[in-house]
Amino acid sequence: MIESNSVYAGLAGSSASLPKNPGSGPDGPIESAIEASMCAQPSLGESSLGWLESRGNWSRRNFIKGIIASGVAVSGVPYLASAASRPALQAGAVERLISLNVNGQTRRVDVLPNETLAMTLRYKLGLTGTKLGCDRAECGACTVLIDGVTHYSCSTLTQRVRGKEIQTVEGLESASGELHPVQQAFIDELGPQCGFCTPGQVMAAVGLLMENPDPTREEARQAMAGNICRCGNYDHYLNGIMRAAREV
Amino acid sequence: MLNDMMSHFELYQPADVDNAFDLLDRFGEECWTIAGGHDSLAWFKDRGKQPSAVIDLAGIAELHGIRETAGGIELGAMTTLTEVERHPVIQERFSILADAARMVASPQIRNSGTLGGNVLQDTRCWYYRFGLACYRAGGNTCYASAPEAMNREHAIFGASRCVAVTPSDPAPALVALGADMVIRNSGGERVVPASEFFMTPAVDIQRMTGLEPADLLTTIRIPDTWAGANFYFEKVADRGSWDFPLVNVAAALRIEGDRISDASIVVGGVQAVPRRLTAVEDLLRGRVQNEETAAMAGAAAVEGAEPLRYNHFKVPLMENLVKRAVRDA
Amino acid sequence: MAELIGQDYTPPDIRAKVTGRAKYAEDIRADGMLFCRLLTSPMPHARVRNIDASAALAMEGVVAILTADELPEVPAPGNTILTNEPLYVGAPILALAAVDETTAQNAIAAINLELEPLEFCVDPLDSLRPGGPNARTDGNTPRGRETVAEMNTSEGVGEIKWTEQDFADAGEGQMPLGQHEREWSYGDVDAGFASASLVLDESFVTAGHAHHSMEPRSAMAYWQNGKCYVYGSSQSQAYIVPGLAAMLEIPPEDLVYIAEFCGGGFGSKGGAYPVMAIPGYMSKKTGRPVLMRISRAEENFIGVCRPAFQGRLKIGFQPDGRITAVDLYIVQDNGPNSGGGDWTAAGSAMSLVYTPPAMRFRGLPILTNTPPKGAMRGPGQNQLATAVEPIIDKAARQLGIDPVAIRRINAPDNSSAYGPNQGPVSSAYQREALDMGAEQFGWEARRARSGQRRGSKVTGVAVGQAFHSAGASGFDGLLRIAPDGKLYVHTGVGNLGTYSYSTTSRVAAEVLGYDWDNVEIVRGDSSRGLPWTLGQFGSNTSHTETRANYASAMDAVQKLKEIAAMDLGGSPEDYDVGEEVVFARGNPSRRLTYAAAAQRAIQLGGRFSGQEVPADINAMTARATEVIAGTGLVGVARDGFPTRGTVPALAAGFIEIELDIETGQFEIIDYLGVADCGTVLHPLGLSGQIKGGAVMGFGMAALERQVYDRHYGLPGTVGLHQTKPPTYLDVPLDMGWSAVDIADPANPVGAKGIGEPTMGCAAAALLCAISDALGGHYFNRSPIVPDMIMNAAAGQAQSHGPLHVHTQ
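Residue numbers (my numbering), protein chains in the order written: chain A, 1 to 248; chain B, 249 to 577; chain C, 578 to 1385.
Hints are supplied without guarantee of correctness; some may be wrong.
Cut-off 30 Å, straight-line C-alpha distance, at most; resulting in silico cross-link-like pairs (BS3-like, lysine-lysine) [what the hints assert, rightly or not]:
#, chain 1, residue 1, chain 2, residue 2
1, C, LYS804, C, LYS600
2, C, LYS862, C, LYS804
3, B, LYS297, A, LYS164
4, C, LYS861, C, LYS600
5, C, LYS804, C, LYS861
6, A, LYS164, C, LYS600
Hints in this document: simulated from the structure, not taken from any laboratory.
Turn these sequences into a full structure, and let the hints guide you.
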């Protein structure tokens, strides 16, 4: 199956055969310092794990079973939560069938109270351009514009953006297929590498240029600082933003 | 820690504070209040907190915005950090608060994260966040202070069973500015100085502030006391963006001639609460603002520091930051 | 004639990336699809005593669970799909499928898992101590392992313990040199040291760090007509198929593997990896499509990571800086499984980058209960760069030699040799790279600023180097000229994000004289007929695939000429190709368009249209050719272009920083990366590799952390704000790049790979610059984070034990 060995030599060095010795030394307390610790907890070497019992508290949560009629979901397939995970509505709590303004269109969506905008976009509205890189407001791949301002959609409850204008990467292209200047500039400057962070980078850059059409490179990188590119192509993205700013 | 799907809760979006108080009273300990929601949603996803009712404060108009008052300014607790950072009056008269807000996490977080939410966020001690039953989580030990514990980010002052630190950048600025925290509940209103708002583990090991379950932090008032003073804010963190402070410092100095007539210096990241350096402030009054005074202030600032296994770097770091603050404010 | 090599162009997949249309595994939806989530280990080492999933299975919407008992056994120390003996926090124990994600998560939480905690170890030196803990019940070192990182080829587990005497002999803070597993040497090492005027003997630690690709390794699978369809996240395409099929226990031809886009891999998604098989098994069990979305925290653990090194380097120098001998010893933190071959790769890299006339390498991998280890961008070579380059600077300082000069005098060239066998290299122009970089960076002028103070800020100026073997040979090319006149280049390369899948395809277009607009690349879906090729890792693609595509294009050229000779008279040698026609050399009006030739190839059948294939091609390529046989003129061939030994990719990084000795923070003022990658194929793509690699290198050198509590074996760094990949604000505002651009003779277009050393040279340069700014304080450790700089600047002891890993 392997046609060449040279790459393996490169990947992993020599495969020269070498002596192997089974080894065992005299006994000695490796963890003596640890056992002598002042820590009140038993060490992991013992069978009782007091420190782990706490984990049970958050694995045995109070799950309420219930059903809600939901024949009006936008998508035919309830990817995020189906009847199985929908408890009955409590008085005074938010309604679940709501209208969202996404990319200029009003969409009726069945939204759970604990649902984030990223999940709604991806699973209910089929807008998978918004990426879940961390789901912790730390990477920026889920960045969308809410009333023209950049937000992490993974950490925004959908119920909070009723009545607001949501713009995702899918909403940037014109009807005739013309790309937003940021998108075109990112192509011209080869901004994306793997591309997973790109929709977030695009939206952060669009948000920046809406607010500051003529940023300095330093202003641009400050505005982009909430978007990680693990491929490290920051220089190319900044080149793209400066190019787009010239062309906007 | 390994989850990212929140358990179920009902969401309530009150339109005014009275409605919010009704909900707080109705649900008691079962409910959780969210501002920007970043810290809260992380807890929910971890399932470290599983409230049955969540009260979203975003729709309460009176909690938003920055107002000038007779004696200073008032910030609604739901004012975003971006608004704080960019507000002309804050930039002009209370610039350490704008500077501190600008140092928080990332642009997106500042766009939805609020000043109130930021100062109320929980500590980032990784053992605690991992879900271990430490003192702060209601257990009976502190993992972070064990002899071999990885406690680089932890406290060098004021440890009392727990060694967690305040993660906030704006909090030291608020304490330095002598801010007042306006707290309301269905029973009325009380005003707590920021310097007393944050709680050491010796007072209550399970809470970071004096906010009770039925309370709302509604307003933050900044008096004119330090308006237009010589300010200094600096944050040292591992990354240039999206990071919590290893140590930060917020300082306000009044200078008359070449002498320091008054000073307010607060350090974050070294204790569970923003550490007000009153002894250093006393030392500074009447002294010439120069390198020598600054060095003396720095040295005095770290007196009594008790570093842990992995964080003694915070001692010279804090010393230097206080020195710079006094020298360069 | 086309002139595609060395030109920028718009890669065909980039528009999908900027519009959000690019579909990654997690974006795939199917009717009736189930969601799968994992129950992972909270303990560093434990045995599953009991799993009670009855409450979970009784929940509405829960469809099935999958446990290790239902999966094929993996011989130790291979990495498991699911396990009953989790060996690290985050190890998948069980998978659960439900109708939606919330239900799945709720059900996971309802499972009662009984674990018996077992002895664990998170630092190899702890395990090597007499009586020290073993990471596995059967030992602490993999046995008989082969060097292919992603294959579970180890044969069992053994135990190695050092003696108290070993530790005592080393002395305080020095790396003990106990029993090793492998050793090789060449030249007279003792004589080399005896002749040296300076000998340094340095212990070092390089920390591990997680890949944290932006796309967690989600996967979706379903079965149809006996075949398993898997949408995966992988940097490779064809190379995934055999491994994943084996894990699913099906023949490769029964696996349809689709990976059009991959959200980053950096080595961690090079081959088939265990959790990728879970949706396939779950789908088989439930009869429904299954999507498994992996969380960021899960990715931190199962996404593997770069292994840490604890090592010792003895190195001798002449007064002019020329190295006389090297003695390198490395203990690799191998994680709990087969791990990677970083430690041996590091030894080989040492022999080439510094060309010591005599060298000994010794080392051993030791198992720990930390996440599985796998190849990460420059596996071994980049750890070596971060360990050795600051030591080279230390020698330069002691000998009074300029940092560029000491590297230059030891730099490899075309006559240099590689590895234990001291085999030949195809080409090496590191001296040219150093010279080019020094000139473009303004080295002399900048170097004069070294140590300059501006308030509390000190300038550091440095250079770093790194290497990776960057090219393979002998893989297959496949293409088709269709009756519509278009060229369809079939490639089994993955879509890692380097655009090399298309840049290397342009070689076929170049050979055939195609207008690029008339070329389509067929890729990303094994059912479309993709030839066998090496995985997209090891910086190999630019070299390997240009060879393969050159081979298939030459095959097509030959067939075009034969068809022309048949139809227009004369012999094939009378004809030439260009501008999408085959024409008679003396009389260009005697010509056939490619479209007409393709039509003729269909009529002719046989080898012209792929009904017959060469005997030496891979079975996968033969199957791929069947997919397109009879639809055009088919070029298919195994790369038989001559080889000339190891294909080195070399890189140098030049850096200036300003370090604040009062805060431990620094700013990178400027950075220039220079590559020796043969002929430049795609300038913008190369720029991205040099700069992007450098950004990752800055992370490796000074940001990225992997912390474990030694007492509890728990991870202190999981999320991105804890592991700290670089942000926009941690890198220079502007970055520069350059390339030697001298053709490699072992490649038809002169190409070598480059993706990996661009990271190592930057990491090394930054570490050297920090030391330079601190006036020669060498940490012998990476990463160097602000607390360490602060301690050094304040003249106080470091917190970490000198040889501890997982403390930074």
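So, going through the hints one by one against the coordinates:
no. : hint                : result
1   : C:LYS804 / C:LYS600 : 22 Å, holds
2   : C:LYS862 / C:LYS804 : 14 Å, holds
3   : B:LYS297 / A:LYS164 : 29 Å, holds
4   : C:LYS861 / C:LYS600 : 24 Å, holds
5   : C:LYS804 / C:LYS861 : 10 Å, holds
6   : A:LYS164 / C:LYS600 : 27 Å, holds
Of the numbered hints given earlier, the model fails none.
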